[in-house]
Amino acid sequence: MSRFYYYLIFLNMTVNVVAFVPNVLLQQRFIGAVPSMVIALIVGTINAAIFGFCINRFPGEGLPEILNRYVKPWIRTLFLLLMGVTWFIAGIITILIFVDVSKQYINPEMPEWTFLFIFLAFVVLCAKMPSIKVLYLLELLLILNLPLVAIIFLKVYTHPYFSWDAVKEVGTHALTIPAWDSFTVALYTFAGYLNMVIFARVMKDQFQFKRGWIIGSVAFVNLFTTFFIPIGLLGTEAVGHARYPWVMTADTIRFDLSPIERGIGLFLLLYVSISLTSALIHWHVGLELMKGAVNVKKYKAKAQRIIPWMVTLLFCGVTFAINELLFQSQIRSFSIVWYTIRLFGEFLLIFLLGYCAWRRGHEGV
Amino acid sequence: MRGFKLLMVCLFFLLAGCGYKDIDKRFFVVAIGVDKSNSDHGKYKITFKVAIPPDKPSAKSNEAEIITTDSDSMTEAVRITRAQLDKEIDFSHTKAIIFGQSLVQKENVSEIIDWFVRRRDIQRIAYTGVGSPTALEVLKVRPAFERLPGNSLFLYFGRSGTEAPYVITEPLFDFYRRIKEKGIDPVLPIIQAEGDKYSILSSAIFKNYRMNLTLNDLESEILNSFLGRLKKTDFKIQANGESFFVFADSVKLNYDLLAGEKPTIHIHCKMSVTIEESKQTLALEKMHQLQILTEQEIRKNVLKLVKKFQQANVDPIGFGLRYRGSHLNNQTEWQKWEDIYPEIEFTMKAEVKVRGTGSIY
Numbered sequence: 001m002s003r004f005y006y007y008l009i010f011l012n013m014t015v016n017v018v019a020f021v022p023n024v025l026l027q028q029r030f031i032g033a034v035p036s037m038v039i040a041l042i043v044g045t046i047n048a049a050i051f052g053f054c055i056n057r058f059p060g061e062g063l064p065e066i067l068n069r070y071v072k073p074w075i076r077t078l079f080l081l082l083m084g085v086t087w088f089i090a091g092i093i094t095i096l097i098f099v100d101v102s103k104q105y106i107n108p109e110m111p112e113w114t115f116l117f118i119f120l121a122f123v124v125l126c127a128k129m130p131s132i133k134v135l136y137l138l139e140l141l142l143i144l145n146l147p148l149v150a151i152i153f154l155k156v157y158t159h160p161y162f163s164w165d166a167v168k169e170v171g172t173h174a175l176t177i178p179a180w181d182s183f184t185v186a187l188y189t190f191a192g193y194l195n196m197v198i199f200a201r202v203m204k205d206q207f208q209f210k211r212g213w214i215i216g217s218v219a220f221v222n223l224f225t226t227f228f229i230p231i232g233l234l235g236t237e238a239v240g241h242a243r244y245p246w247v248m249t250a251d252t253i254r255f256d257l258s259p260i261e262r263g264i265g266l267f268l269l270l271y272v273s274i275s276l277t278s279a280l281i282h283w284h285v286g287l288e289l290m291k292g293a294v295n296v297k298k299y300k301a302k303a304q305r306i307i308p309w310m311v312t313l314l315f316c317g318v319t320f321a322i323n324e325l326l327f328q329s330q331i332r333s334f335s336i337v338w339y340t341i342r343l344f345g346e347f348l349l350i351f352l353l354g355y356c357a358w359r360r361g362h363e364g365v
Numbered sequence: 001m002r003g004f005k006l007l008m009v010c011l012f013f014l015l016a017g018c019g020y021k022d023i024d025k026r027f028f029v030v031a032i033g034v035d036k037s038n039s040d041h042g043k044y045k046i047t048f049k050v051a052i053p054p055d056k057p058s059a060k061s062n063e064a065e066i067i068t069t070d071s072d073s074m075t076e077a078v079r080i081t082r083a084q085l086d087k088e089i090d091f092s093h094t095k096a097i098i099f100g101q102s103l104v105q106k107e108n109v110s111e112i113i114d115w116f117v118r119r120r121d122i123q124r125i126a127y128t129g130v131g132s133p134t135a136l137e138v139l140k141v142r143p144a145f146e147r148l149p150g151n152s153l154f155l156y157f158g159r160s161g162t163e164a165p166y167v168i169t170e171p172l173f174d175f176y177r178r179i180k181e182k183g184i185d186p187v188l189p190i191i192q193a194e195g196d197k198y199s200i201l202s203s204a205i206f207k208n209y210r211m212n213l214t215l216n217d218l219e220s221e222i223l224n225s226f227l228g229r230l231k232k233t234d235f236k237i238q239a240n241g242e243s244f245f246v247f248a249d250s251v252k253l254n255y256d257l258l259a260g261e262k263p264t265i266h267i268h269c270k271m272s273v274t275i276e277e278s279k280q281t282l283a284l285e286k287m288h289q290l291q292i293l294t295e296q297e298i299r300k301n302v303l304k305l306v307k308k309f310q311q312a313n314v315d316p317i318g319f320g321l322r323y324r325g326s327h328l329n330n331q332t333e334w335q336k337w338e339d340i341y342p343e344i345e346f347t348m349k350a351e352v353k354v355r356g357t358g359s360i361y
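Which chain is which? The protein sequence lines are A and B, in order.
By the UniProt record's numbering, the letter at position 98 of the first sequence is numbered 98, and the numbering carries on one by one without gaps.
By the UniProt record's numbering, the letter at position 276 of the second sequence is numbered 276, and the numbering carries on one by one without gaps.
Just so you know, these hints were derived from the structure itself, not from any lab.
Predicted, not measured: the structure shown is a model, and the values here were computed from it.
A few of these clues could be false.
To be verified - Some but not every residue of chain B turned toward chain A, in silico, with C-beta under 8 Å:
#, residue
1, R119
2, I125
3, G158
4, S160
5, E163
6, K180
7, G228
8, K231
9, K232
10, N330
11, Q331
To be verified - List of simulated lysine-lysine pairs, DSS-like, C-alpha gap at most 25 Å:
#, chain 1, residue 1, chain 2, residue 2
12, B, K180, A, K168
13, A, K168, B, K262
14, A, K155, B, K262
15, A, K103, B, K87
16, A, K168, B, K336
Unchecked claim - Covered stretches of chain B, as calculated for chain A (at least 3 residues, CB under 8 Å):
#, segment
17, 165–176
18, 314–328
No residue lacks a Cβ here, since even glycine has one placed at the ideal position from N, Cα and C.
Please build the complete structure, drawing on both the sequences and the hints.
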């Protein structure tokens with residue numbers, strides 16, 4: 001499959017480094033995070049492969065078109081609506097965390113709604129672009145950010161204060177009972193491939209199984225880095241006190257001869273574009289799923305223009321409301337519940353898609 | 001539709017605010033000192049070193065304002081200091097945090113460090129150290145060769161300036177990690193204020209949140225190589241009537257934890273040295289002998305140091321953490337290690353390569 005497929009997976013893995021994924025994993029570092037990650041690694045790779053196998057049967061088609069042919073209309077509408085909401089919430093969580101991080105580390109004197117307004121304006125305007133343009137934007141932003149990711153990788157793995165003993169100590173907790181929360185968040189890092197439910201429309205090439213190992217190995221490096229690097233640099237005990245372990249980890253990097261000495265500056269720069277890109281991808285997919293649910297093509301031209309605005313503005317309102325109503329700790333609990341719901345959604349989606357692929361096989365096409 | 005888009009663009013003008021303060025409306029704190037207070041106003045005597053920027057950018061000026069406050073907490077100290085300054089106080093350039101010697105000897109250091117790690121604007125890469133006789137005296141020092149306020153201290157710890165082997169560089173995040181961690185104890189350099197100069201020769205080991213042990217220059221040097229932070233150094237070798245100095249351009253000091261019937265820590269050291277100075281003429285045939293003498297001397301000093309740690313029951317090298325990391329009995333391992341450590345045996349092998357005698361024999 002084309003390079004965009006890997007971009008989508010890579011983006012979802014990178015953005016989760018700063019979301020609640022490391023926070024949840026590191027809170028459970030002694031009580032089951034390590035085995036959960038191993039299980040998630042296996043399940044996630046298998047899921048991605050099954051998904052690729054099924055979607056291969058429908059070249060050039062997205063989920064709404066596929067369901068249109070093989071599933072009862074009410075199931076299709078309900079399922080697409082629910083999936084659309086799930087995708088929108090994915091974007092909302094990224095935006096909310098990003099607002100919190102920006103307020104804390106970039107400009108504490110700016111009110112939160114100002115941050116929200118700027119981010120949402122960008123995300124909404126970009127999410128309404130055609131799918132292929134969104135993918136080009138994604139490619140551009142990822143290529144611009146790749147050097148920053150590489151520098152941070154290099155700096156943390158060659159950090160003079162890195163303690164492999166601390167990593168080993170947490171590694172000795174591998175024989176514990178897996179923890180559910182850790183499993184759901186670790187599995188979420190793989191979820192980038194799910195964006196293909198819409199982007200498959202514009203990708204003509206087939207998913208190749210012999211390249212499946214790329215997903216597995218990138219995911220392994222990603223999970224290992226996400227989880228063990230903060231432990232090695234912040235210590236097995238102190239890492240549990242960090243709200244955003246990776247922001248803290250980035251603050252242990254020093255660039256001796258750079259204009260900005262603190263590594264955190266570079267990290268935040270990277271994170272600004274990565275999280276906005278991720279949010280806009282999620283909102284784009286959510287919007288397209290919603291459009292598929294209400295079968296937007298049936299409406300007049302004017303309604304076709306207004307419906308996306310209505311949907312995105314509605315979710316902007318939801319974002320503001322969540323930000324006003326929930327405290328930071330509640331947003332964390334909210335996300336953890338969402339990770340679980342999403343997990344069932346993922347399995348349901350793969351099941352439905354598998355069913356459609358099976359039907360298509362029986363038609364003998 | 002166009003009207004709507006125009007409205008959206010216009011909304012951006014509402015976002016303009018004056019959240020940001022100009023750089024000339026800020027005071028930059030370059031270093032913070034915490035001492036034990038003798039007055040009734042509070043437990044701590046907190047000192048801020050505030051940089052005074054020069055008028056002309058090219059001028060050399062290490063002028064700084066020293067502001068001292070007595071209070072029970074950092075937050076109160078900052079609040080009181082705000083009342084004494086006409087500009088906003090800014091911690092984004094705080095690069096050194098100094099604790100007074102009397103404070104760390106008596107008070108629990110984990111209480112005072114909370115503010116530093118909780119605040120978002122204090123850098124986690126700020127250097128920490130123990131100020132002797134007090135943190136205030138250390139902050140007051142203004143070396144004649146310093147070009148920016150506090151810069152001399154930063155050059156000591158950042159390896160871009162001096163590479164003195166005794167200076168143990170301890171960033172805030174590492175100090176905090178060692179305070180929290182089981183199996184590795186905090187160590188800080190002791191910064192001695194001597195007139196208008198600093199001297200950093202010794203270091204302090206912490207146990208149970210308090211300063212417990214002082215290391216001299218040679219011991220700090222060995223500890224530094226144990227922590228893998230020292231690449232080049234020199235040693236004095238004195239034995240059998242010979243006396244010479246070696247310069248080591250690569251030092252590797254590692255250890256293995258052999259847990260069996262009789263738990264042992266096996267230390268191995270690899271060094272490649274050249275002769276830096278000698279009291280006698282060195283004959284080529286004696287090279288092998290010099291090598292053996294050096295090995296013996298290194299072995300003696302390293303073993304002496306680790307036994308000193310063992311006797312004081314401190315562990316700045318992290319033997320305990322290595323033990324925890326290599327044992328699966330996570331519930332009981334720490335208790336077990338605490339029983340083992342006082343009786344553990346040390347063995348050591350030193351391999352020294354004498355590469356040359358310098359320009360002369």
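Point to revise | Hint numbers contradicted by this structure | key: 1, 5, 8, 9, 11 and 14
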